[in-house]
Each structure stands twice: as structure tokens, then as C-alpha cells.
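Undergrad: So the protein sequences, as listed, match chains A and B.
Letter by letter, the first sequence follows residues 1 to 353 in UniProt numbering.
Letter by letter, the second sequence follows residues 1 to 353 in UniProt numbering.
Check each hint, because a few of them may be wrong.
With a Cα cut of at most 30 Å, we get these calculated DSSO-like pairs of lysine-lysine [to be verified]: (1) B:K263 to B:K274; (2) B:K39 to A:K333; (3) A:K263 to B:K333; (4) A:K328 to B:K274.
Hints in this document: simulated from the structure, not taken from any laboratory.
2 protein chains.
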Amino acid sequence: MTLSGKRQRGIIDCDVHPYPAHLDEIRHYLREPWKSRYKGGGRGMYDNPVNNGRMDARTPSGGPAGSDPAYLREHHIDLYGIERAILLPRAFCNLYPDPDFATAVAAAFNDWLADNWLDRNNEDSLFKGSITIAHQDPAAAAKEIERWAGHPHFVQVMTDSGARAPFGQRQYYPIYEACAKHGFPLAIHPGTDGVGINIQATPGYPTHFIEWHTLLCTSFMSHLVSFLTEGVFERFPEFRVVLVEGGVSWLPGLMWRLDQNYKALRYEVPWLKKLPSAYLNDHVRFASQPIERPSNDQHLLQIMEMIDAKTILMFASDYPHFDFDSPKYAFPKLPEELHQRIFNENARSFYNL
Amino acid sequence: MTLSGKRQRGIIDCDVHPYPAHLDEIRHYLREPWKSRYKGGGRGMYDNPVNNGRMDARTPSGGPAGSDPAYLREHHIDLYGIERAILLPRAFCNLYPDPDFATAVAAAFNDWLADNWLDRNNEDSLFKGSITIAHQDPAAAAKEIERWAGHPHFVQVMTDSGARAPFGQRQYYPIYEACAKHGFPLAIHPGTDGVGINIQATPGYPTHFIEWHTLLCTSFMSHLVSFLTEGVFERFPEFRVVLVEGGVSWLPGLMWRLDQNYKALRYEVPWLKKLPSAYLNDHVRFASQPIERPSNDQHLLQIMEMIDAKTILMFASDYPHFDFDSPKYAFPKLPEELHQRIFNENARSFYNL
């Protein structure tokens with residue numbers, strides 16, 4: 001499998017993380033005063049106390065996991081027969097109180113990703129990119145989206161789930177308008193929840209990383225219900241969302257609960273034209289990792305039916321993170337058609353690959 | 001069916017709300033300065049914009065729903081053949097910044113409940129009560145629990161899920177020690193989430209009641225994971241919790257996710273002696289209302305198996321609230337043994353009735 005020539009059909013991996021080998025790679029794209037101020041980003045108080053990156057993913061030269069495209073190909077892409085990898089860089093720009101700084105860091109990550117991972121001249125790129133935005137300044141984020149529209153290998157916009165308001169609220173609409181205009185889905189990824197300027201979506205701060213990480217799903221549940229009840233998909237009929245790393249098994253119960261409430265409370269949300277859950281198939285997708293894996297495989301297969309996985313679920317590995325889902329072992333044996341949908345066709349269609 | 005004499009076997013309803021007919025009924029039990037300050041409590045900005053109480057539950061004399069024991073018996077207890085009703089008054093004392101005021105209001109509700117709904121001299125009371133506490137002051141809450149220990153008809157302690165810190169954290173332990181000492185489970189009920197001094201368990205404030213109400217489950221998920229990861233059930237082996245009105249369908253996925261994380265991160269929580277989910281059966285129960293009801297009955301039956309409903313689920317109606325679950329219609333047809341467990345035996349055993 002090579003970068004040139006038509007790529008063989010294989011797995012589409014919807015969540016792979018490329019990292020700069022050194023912060024100077026990002027500083028290179030920043031102007032002052034941001035260049036001097038930039039010290040990288042991270043979760044700070046919710047850092048993984050064991051290892052957030054797979055130890056075996058460190059590069060042969062000792063660089064950070066995910067920082068060497070050649071090694072990433074050998075260690076992940078070629079090993080599993082991956083046809084395309086959707087790259088989600090970790091800029092952590094949503095941490096910053098200063099929206100100008102946040103916007104500058106987002107732009108720097110986009111320039112870095114375009115220059116180092118996405119070859120504009122290669123029609124058949126293995127890697128597809130995400131446009132990082134700082135949702136603190138929706139107008140600036142919309143401009144950043146415009147800046148990359150037309151690039152052949154950026155396939156979506158991305159932001160972290162950490163926020164100061166649920167994502168269905170109207171201050172964010174310039175972002176969704178730009179996404180819809182250019183056909184970019186918005187990918188939401190965890191990482192800044194409860195840190196920096198962002199609100200923690202639990203009743204107070206969790207104590208441990210295991211607790212914080214397990215409960216990341218509460219941010220995703222909140223944002224999804226907000227999108228649905230605020231009527232974002234009525235206002236922007238072309239707008240689409242993909243929830244990455246937020247889990248999937250909470251979806252059926254949450255939609256049942258929301259649909260039930262809608263029957264009693266539709267008076268509040270008259271802009272909805274159908275049951276809230278009925279917007280999912282046209283507008284929302286889920287990346288699978290970390291798939292919640294029960295000891296009883298049947299239970300997962302039942303959940304897959306409840307969430308309509310054949311339509312909305314797309315495989316993701318989260319390489320090179322500690323909770324990586326192996327394409328070989330993350331799922332139990334699936335019916336062939338469902339397997340094809342999850343590991344290839346749903347993403348191919350969603351991203352128009 | 002009468003209050004005197006052995007009650008017939010029927011449904012045990014784990015969530016019925018008694019209301020004072022007038023705030024003066026509560027003021028009667030308050031001393032100054034609290035008596036003058038008390039103006040009732042509520043959710044304020046997240047009030048139900050339609051009707052929070054069933055319109056048909058207003059009393060014949062025009063009083064608030066749930067305020068007349070005789071009418072409640074006729075309209076709910078006798079209609080469905082309810083053997084026991086666990087009463088959860090709505091004091092909303094967790095709203096107050098002043099822990100002395102909060103503690104006084106909690107105590108007043110307990111006195112009011114004991115005098116008006118729980119007949120100490122009747123051995124076979126239809127109604128069983130909950131001891132309201134203000135978790136803002138755990139030491140005072142423990143004293144309030146002590147005050148009622150030995151009363152024949154208080155069967156649990158209760159607090160709202162709205163909080164400033166997850167309930168597994170150690171500042172709350174005097175409450176759990178008192179609960180464990182006297183064999184009282186702690187019931188957690190929604191209602192003050194995101195209002196008063198309490199943190200909203202979503203990334204920022206929801207816009208609508210439908211959104212806030214649908215997402216109440218995030219508080220419950222957070223508190224449960226906190227109990228489990230902090231090792232509360234190792235520290236207090238006799239301590240038990242019942243989650244009321246927080247939903248149940250999120251449980252399987254959340255436990256799968258937590259158990260998976262435990263395998264990678266057990267280093268952080270060395271006090272756990274088994275998988276986090278393995279503590280549920282001995283320590284945690286769920287009241288069913290509002291049961292998430294899918295259009296496909298099989299899906300709910302599958303969820304029931306995943307959560308081990310035959311062990312941990314107890315029927316609740318939430319009378320007289322808008323989203324009341326009818327004992328007749330809330331569930332699809334259940335296997336006889338499972339029905340018996342959910343509608344009677346699990347609660348009988350949990351509350352030692």
C-alpha cells in the first residue's frame with residue numbers, strides 16, 4: 001500500500017491523532033505575541049496518571065507517539081490494512097480565555113497539519129484532515145473554516161467537547177453556517193472538559209482521571225440533546241455532526257427519554273418537525289472508540305441494533321492513545337454487512353471519500 | 001384496603017410525592033429566623049412550563065396535587081392496588097447557600113411528614129417515609145438521621161442530586177456513616193440540579209426544561225461513578241444507595257466503560273477489590289420511573305437483562321408528577337417472576353418491609 005496510486009479498499013479509521021514532534025513545529029506557524037506565549041496544551045489536572053499514549057507508539061527516534069508519519073504508517077496503517085485515516089490533531093485551543101490566542105493556535109495547527117500530513121498535490125491521500133477551530137470566537141472560527149474550504153484533504157471541522165455553553169445554542173451558529181456551506185461535518189472530541197475555561201459536565205469536579213474519563217460521555221449527551229432541542233438541524237438542514245470518543249451505548253436510552261419528554265413538552269420547542277431522535281440518521285454519526293465492550297457479546301450486538309449502527313456508527317481506533325481500539329479485537333464477530341458499514345461504508349459515504 | 005390490619009400484597013411504589021397543602025404547614029415546624037424567611041422552594045429557572053403536576057391529581061378541595069392523603073389513596077393507591085408507597089417530600093433544601101437554613105427546612109419537612117403521613121402507632125403503615133437531609137452540612141445531616149432512627153416508618157434518607165461535588169467525595173462521609181449505622185439507604189432524587197448553589201451537570205446551562213429534564217441522568221451517572229471509584233462501598237460495607245428518577249438505560253454502557261477503564265487505570269483506585277460494576281448488586285438499586293420506553297418492547301427487555309433488573313430495579317410511579325408511570329402501562333408485558341421482583345419483591349427486600 002503506497003501513498004500514490006489508488007488506495008486499496010480497507011478500513012477507514014475515523015480517529016487517528018497526529019502530534020508535532022516538538023512544540024516548535026507549531027510555533028513556526030505562530031506570530032508574536034502568540035509564538036512566545038505558546039507552551040503547548042493539555043488537560044492539566046486530568047492528565048492520565050499512567051500513560052496516555054501507547055508506549056509502543058513512540059517513534060524509533062524516541063519522539064512522541066503519533067509524531068512520525070512513516071512510523072505511524074508502519075505501526076498502524078499497514079498493520080491493519082487501513083485505507084484512510086481521519087486525522088484529529090490535539091491543539092487544546094479551547095482551553096484559552098483569550099479567543100485571539102485560541103484562534104491563532106487553531107490556525108497554526110491547521111497550517112502544520114496541511115504542510116506535514118496532507119499533501120495537496122496527492123489526489124489520493126491516505127490521510128484526511130480536520131480543521132481545528134476555537135469555538136470561543138465563532139465568527140473567527142467561521143473565517144478559519146473559509147480559509148481551508150476547497151483544500152482537497154480537509155474533510156471536517158473539529159472542536160473539543162469542553163465548552164461554556166451547550167453546542168446547540170445560537171452563539172455558535174456562525175460555525176454551523178460555515179460548516180453547512182462547505183459540506184464539512186463538525187467533529188466533537190473530548191479533551192478540554194472541565195479544564196481551562198470549560199465547565200465540567202458533572203455536579204462538581206471528579207477526583208480521579210478514571211472518573212473524569214468515564215464521564216466524558218455526559219458532555220456528549222448534553223451537546224447532542226442541545227443540538228436536537230434547539231432545532232439546529234431545522235435551521236441548518238445541511239449541517240452534520242460526528243461524535244468522536246464520547247461512547248455510543250447511552251444513545252438509545254437518551255433518545256427514548258428525550259422522545260418521551262417531547263410528547264409532553266413539545267410546546268417548548270415548536271420548531272421541531274418530528275421526534276427529536278428522528279434527526280439522527282440525516283445529521284449525526286458516531287465514531288466507535290472507545291466502544292463499550294460488555295462480557296456478553298450479545299449485549300453489544302443488541303445495542304448496535306438499538307442505535308442503528310449500520311447507519312450511524314463508524315470505526316475509530318484512537319491511535320496512539322492508551323485506550324486504542326484494535327480493528328481486530330474491539331468488536332465481536334459482526335454480520336458481514338454490518339462490519340462493512342462500520343469499518344468502511346458509513347465513513348466513505350459520510351465524508352464523501 | 002385499609003390503613004389498619006395487614007396490608008394486602010400488591011405493588012410497592014418507590015416514589016410518591018406528598019405535598020403540604022400550604023407553606024404554613026411547613027412554617028409551623030420552623031423557628032425564627034427561618035420561619036419568616038421560608039418561602040418554599042422550587043427549581044426556579046427550570047420549572048416545567050406546561051404543568052409539573054398531573055392536573056387530575058389536584059385535590060377535590062382544589063389543593064395542590066399530592067396534598068391530601070385521603071384523595072391520594074383514592075386516586076392512586078386504591079386504583080392500582082398499591083401495598084406500600086415510599087414517600088419522598090420535595091423540600092428543595094439543597095438550594096440554600098446557608099446550611100443552617102437548609103438543615104432547618106429539612107428538619108421541618110421531616111416533622112411535617114411524621115405528623116401528617118406516618119402514624120407511629122400504626123404498625124402496618126401504607127406510607128413509608130424518607131428522612132430529608134441538607135447535604136450542605138454533612139455533620140448536621142448525620143444528626144438529623146440520628147433524630148429519626150428507630151421511627152418505625154422512616155425507611156430511607158433522601159437528598160436531591162443537585163450538588164457542588166460528586167457524592168463519592170469524603171466530605172459527605174458522616175452522612176453515609178449514619179445511614180450505614182441505622183440501615184437506611186440513601187435515596188437520590190433530581191430537582192435542584194443547576195439551581196440554587198448547585199452545579200449543572202452539563203457543559204453550561206441548558207436552555208429549555210425539556211433539555212434540562214432529559215439530561216438529569218448526567219447527575220446520576222456522575223454520582224454513581226463517584227461512589228464506585230472513590231471506594232465508598234469498601235469504606236462503608238453496609239451503605240446502600242437508591243437512584244430515583246435518574247433513568248436506568250444508561251447503566252450498562254456506563255459500567256462497561258468504567259470496567260474497561262478500571263483495567264487500564266486501577267493504579268488510581270487501589271482501594272477497589274473488584275470491578276467497579278461488581279459493587280452494584282450489593283449496594284445500589286434503581287427506581288424505575290421514568291422508565292425509558294422504546295417503540296420496540298424487545299429493546300427494553302434487553303436493557304432489563306443488561307442491568308440485571310430482576311435484582312436492582314424497583315417500580316416507581318412518581319405520582320403526582322407530569323411524567324407519572326402507570327403501573328399498568330409503563331412496562332411491556334414482563335415475565336411473571338421479573339414482574340414480581342420489580343413491582344414488589346426487590347423493594348420489599350431492599351427496605352426490609
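Undergrad: Now look at each hint and say whether the structure bears it out.
TA: Hints versus structure:
In summary, the hint linking K263 of chain B to K274 of chain B is supported, as the alpha carbons are separated by about 10 Å, within the 30 Å threshold. For a cut-off of 30 Å, the pair hint linking K39 of chain B to K333 of chain A is broken: about 60 Å separates their Cα positions. Distance check on the hinted pair: K263 of chain A and K333 of chain B sit about 22 Å apart at the alpha-carbon level, within 30 Å; holds. The suggested pairing of K328 of chain A with K274 of chain B holds, with an alpha-carbon distance near 28 Å, which does not exceed 30 Å.
Of the hints listed earlier, the one the structure fails to meet is number 2.
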